[in-house]
Amino acid sequence: MPLSTYCISYPSPDNPDSHILFLTKSSAKALITSSLLLAIDQETITEAEKASLQRPGFIVDDIEQERTDMAGFTERVSSLSRIFYVKLVMNLDCNLACAYCFEGSRKGRLYMSGSTADLFAEFVKGRLSPNKKEIRVTFYGGEPLLSSRRIIYIAARLKDLAEEKGIDFGFSLVTNGTLLTREIVDQLKPLGLRTASVTLDGPGDIHDRYRPFTSGKGSFATILANIKAVCDMTGIQIGGNYTRENFCQFPRLLDCLMENGLTPERISDIRFDPVTGESDEFVLPDFREACLSMDEPWLNEASVYLREEILRRGYRVGRIVPVVCMMEQQDNLVVNYNGDIYKCAGLIGRKEFCVGDLNTGIKDFHLSHNLDNWKNERCLSCAYLPLCFGGCRYLKLIRDGDMKGVDCRKSYLDAVLESLVLQDVKYANQILK
Amino acid sequence: MSQSIVILDEGLKMEDLSGTECCTGAEGRK
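In the order they appear, the protein sequences are chains A and B.
This note's numbering applies: residue -17 is where the first sequence begins, and numbers increase by one.
This note's numbering applies: residue 7 is where the second sequence begins, and numbers increase by one.
Bound-form chain B, shown alone (with noise of 0.2 angstroms):
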């Protein structure tokens, strides 16, 4: 890797994206 760069998180792959989160909260809420 590269000095100049440095990476701090190598993100999800995609079959980790899947769950129940919900972008307002609106779908957990109580």
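Chain A with its partners taken away, still in its complex shape (with noise of 0.2 angstroms):
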């Protein structure tokens, strides 16, 4: 039997004469020497070995019908989710005045109206199938705490609306974190508030420059004082985005973290990334410093090295897992403000992207946005094709003006994954299931 389209094997750093494997399709990981990883090849394995290494997925009887079954792997996954999962857009306003903010000139005073909050409340009633056992939204903007009013009200009817069905209802927040105040998180968490994901890009002096309020005065300090003042009443994720000028200043970003008390076991997780950027009709004209690709050399050595500085201070981080991107997830939406659907958030307001709005329902978008690009040999046949599925569409948009064609991240993966692994095998406590 054959090793995986899928598994990839590595030296192991710390057995001589071990390898680590890696099966992409799930994450998997096994230490075997390499003795056993040349008999594989020359199909000399013992029948226990074979069963050891066949349950989980390492090898396989059949190549050729693995990337059959591939080709219908995110299909596969999305009628198993058991989530109703939508972002919800609640105005495109906010309190501060980013450099690079990502909704750019899309931005203004436009707010989710009650009748639209009422549709919605509806809708998800509507398109709910009986197979759902959770109803998951993620409060977006803008920022959504501007509209705190809005987000009780509907995270009220949704979790009455979970409670006559007998499934569970959990939301949380994407914010900038300068409204998260205890009086809020008070009222939030009865009403399923789980976790809130706050943005702080690197150290005070960087993080200011980038993430001014609007009247031009800093917010790290708001922030870090409201983190400091409800992380023990709710998770909180912290993102951070980074430029190829600054990321090596992020780890002093741990270290302040440390330094105010938000220790590991007080941090849900750390996650850091690139700025990206935007197409010419939304971008804000005078930054200049995002990437539009995730296949730019010093983008290898920055994200290797930003988890490794998160994970030696003993904070946590996601797993290198499969990534199937919600455009090919059936229940996986962005609700807009004004009720238009999207399936992915970086869409928002390209009308030649919308898919449908709260009052007509969705129509298909199988071609519009390309969801069967990866699905050739070329990629069937890429160890990487799980951690992919063809790349960020989004991306692909605002690089090449087109979804056509797939965003390879081929030597992204080649530069960094090894690393990226047994980062999730030395560090194993530390990483997120």
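The hints are simulated quantities; they were obtained by calculation from the structure and are not laboratory data.
Wrong hints could be hidden among the right ones.
Said to hold, decoys possible - Computed beta-carbon distance windows for the label pairs:
| hint | chain 1 | residue 1 | chain 2 | residue 2 | range |
| --- | --- | --- | --- | --- | --- |
| 1 | A | D100 | B | L14 | 25 to 33 angstroms |
| 2 | A | P267 | B | E21 | 19 to 27 angstroms |
| 3 | A | K357 | B | L14 | 28 to 36 angstroms |
| 4 | B | L14 | A | S363 | 22 to 30 angstroms |
| 5 | B | L14 | A | R270 | 17 to 25 angstroms |
Unchecked claim - Computed cross-link-like contacts, BS3-like style, restricted to lysine-lysine with a CA-CA straight-line distance of at most 30 angstroms:
| hint | chain 1 | residue 1 | chain 2 | residue 2 |
| --- | --- | --- | --- | --- |
| 6 | A | K392 | B | K19 |
| 7 | A | K386 | A | K89 |
| 8 | B | K19 | A | K333 |
| 9 | A | K114 | B | K19 |
| 10 | B | K19 | A | K357 |
| 11 | B | K19 | A | K147 |
| 12 | B | K19 | A | K32 |
| 13 | A | K115 | B | K19 |
| 14 | B | K19 | A | K89 |
As the list claims (entries may be wrong) - One-sided excerpt, in silico: chain A residues whose CB lies under 10 angstroms from chain B:
| hint | residue |
| --- | --- |
| 15 | K7 |
| 16 | K11 |
| 17 | L18 |
| 18 | G39 |
| 19 | V42 |
| 20 | D43 |
| 21 | V59 |
| 22 | R64 |
| 23 | V303 |
| 24 | Q311 |
| 25 | C374 |
All C-beta atoms in this analysis are idealised placements derived from N, C-alpha and C, irrespective of residue type, glycine included.
Put the two chains together into one complex, using the hints given.
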């Protein structure tokens, strides 16, 4: 039996004459002797070894059948999902003036109305299929906490709906953190608040340059104080957006968190990502540090380095897992403040990628979003496919002006995956499941 | 299990793979 197409082996740094097997389609890992790796290739392994390797899927009966099955992988994940998930854009307004704002020129005093909130609750009720066991919402913006009263109203309605159906309901906030006070968390927690994702773009001096209030005043001190005040009430995820110019400074943020008592057990997890760009239509004209691809060599160094800095201080990070984009998952939606429906937060406001609205429902978007872009021999025979599935269609769109073809991540994964997998092994207790 | 193999991580089941993570982080950015 051969190794799975989606199994990669790396020499173990801690165990001479051993290799780590990593299965990209499930994130399974094994430590095996180098002689066994050779025996797999020569088909001389014992029955016991075969059984141990076959059960998690490291070796397979039939390579061709495995690739055929892989072509249906995302559909199966989507159909097995028990979660109805919506990212709900409450407004496109903000009290910060971030240099790189991802909403760019789409921002304005645009808020979800009461009637749209009602329509949304009815939409969820109507679309909830019997196999769903959980309604999960991320309140998003703009700055969602500028719409806190509306969030409370919607959460209460969805909580009632979930109770009526006998299923779970929970929600998270993607917030800049400036309004995340104990008072608001006290109100949201009983309604189902689980986590708040708060952005800190590096240590205070850098963060304040990139994420000032609209008045120009820095926001770091306010956000840090709020995190300290609420981190024992709700889960706090810290995110940060770095650039080529400033990523080396991000470890100073981690030290600052420690110095302020925000030790690893008080923070759910930390994730830093590069500032990605925008198309000319929405981009802020004065910001030129964004990247349009994961295929930039400096990103290889930055992503591994920053993840290591987070881990070696004891904080938790997300595991390297197969990523099925929300575009490929039937019950994963983005609903804009006005009721328009999209399949990615990056696409809001692009009418050609609007897939419907709360009144009329969702139209077929298979072709417009190029969902089958990775179903070709080259991608199906690539070990990285489950970590990529054609890459990011949004980045492809803003870089090339269309979603045709794939946003291939092979060179990026060639450069970083070994280091990331070895981090997952070394720091296994800090890797989120 | 043979001594030549140590399973470090059984991996995730397909039903556990649905979620809201995003390969570039663009989806959760703010």
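How the hints compare with the structure:
1. A beta carbon spacing of about 50 angstroms between A/D100 and B/L14 contradicts the range 25 to 33 angstroms that was offered as a hint.
2. Our hint of 19 to 27 angstroms for A/P267 and B/E21 is violated, since their Cβ atoms are close to 45 angstroms apart.
3. Judged by the Cβ atoms, the range 28 to 36 angstroms given for A/K357 and B/L14 holds: they are separated by roughly 31 angstroms.
4. Distance hint for B/L14 and A/S363: a CB-CB separation of about 26 angstroms, consistent with the stated range 22 to 30 angstroms.
5. A C-beta distance of roughly 43 angstroms is found between B/L14 and A/R270, which places it outside the suggested range of 17 to 25 angstroms.
6. About 24 angstroms separates the Cα atoms of A/K392 and B/K19, which keeps this hinted pair within 30 angstroms; it holds.
7. The suggested pairing of A/K386 with A/K89 holds, with an alpha-carbon distance near 28 angstroms, which does not exceed 30 angstroms.
8. For the given pair, B/K19 sits about 36 angstroms from A/K333 by alpha-carbon distance, which is inconsistent with the 30 angstroms threshold.
9. About 17 angstroms separates the Cα atoms of A/K114 and B/K19, which keeps this hinted pair within 30 angstroms; it holds.
10. As the CA atoms of B/K19 and A/K357 are separated by approximately 22 angstroms, the hinted pair is consistent with the 30 angstroms bound.
11. Straight-line distance between C-alpha atoms of B/K19 and A/K147 comes to about 26 angstroms, which keeps the hinted pair within the 30 angstroms bound.
12. Our distance criterion of 30 angstroms between C-alpha atoms is met by B/K19 and A/K32, whose separation comes to about 20 angstroms.
13. Taken as a hint, the A/K115 and B/K19 pair is honoured in the structure, with Cα atoms around 17 angstroms apart against an allowance of 30 angstroms.
14. At roughly 40 angstroms between alpha-carbon atoms, B/K19 and A/K89 are farther apart than 30 angstroms, so this suggested pair is violated.
15. For A/K7, the interface hint holds, since its Cβ comes within 10 angstroms of a Cβ in chain B; the closest pair sits about 8 angstroms apart.
16. Nearest Cβ of chain B to the Cβ of A/K11: about 4 angstroms, under the 10 angstroms cut. The hint holds.
17. With a cut of 10 angstroms, the hint placing A/L18 at the interface with chain B holds, because the nearest CB-to-CB distance is about 5 angstroms.
18. Because the smallest distance between the Cβ of A/G39 and any Cβ of chain B comes to about 7 angstroms, under 10 angstroms, the interface hint for this residue holds.
19. With 10 angstroms as the threshold, the beta carbon of A/V42 stays out of range of chain B, its nearest partner Cβ sitting at about 14 angstroms, so the hint is violated.
20. At its closest, the beta carbon of A/D43 sits 18 angstroms from a beta carbon of chain B; the interface hint therefore is violated under the 10 angstroms criterion.
21. Of the supplied interface hints, the one on A/V59 holds, with its beta-carbon coming within about 5 angstroms of a beta-carbon of chain B, less than 10 angstroms.
22. This hint holds: A/R64 has a C-beta 7 angstroms from the nearest C-beta of chain B, less than the 10 angstroms allowed.
23. Because the beta carbon of A/V303 sits about 6 angstroms from the nearest beta carbon in chain B, less than 10 angstroms, this interface hint is met.
24. Residue-level restraint check for A/Q311 holds (minimum Cβ-Cβ distance to chain B is 6 angstroms; threshold 10 angstroms).
25. Checking A/C374 against chain B by beta carbon gives a least distance of about 4 angstroms; that is within 10 angstroms, so the hint holds.
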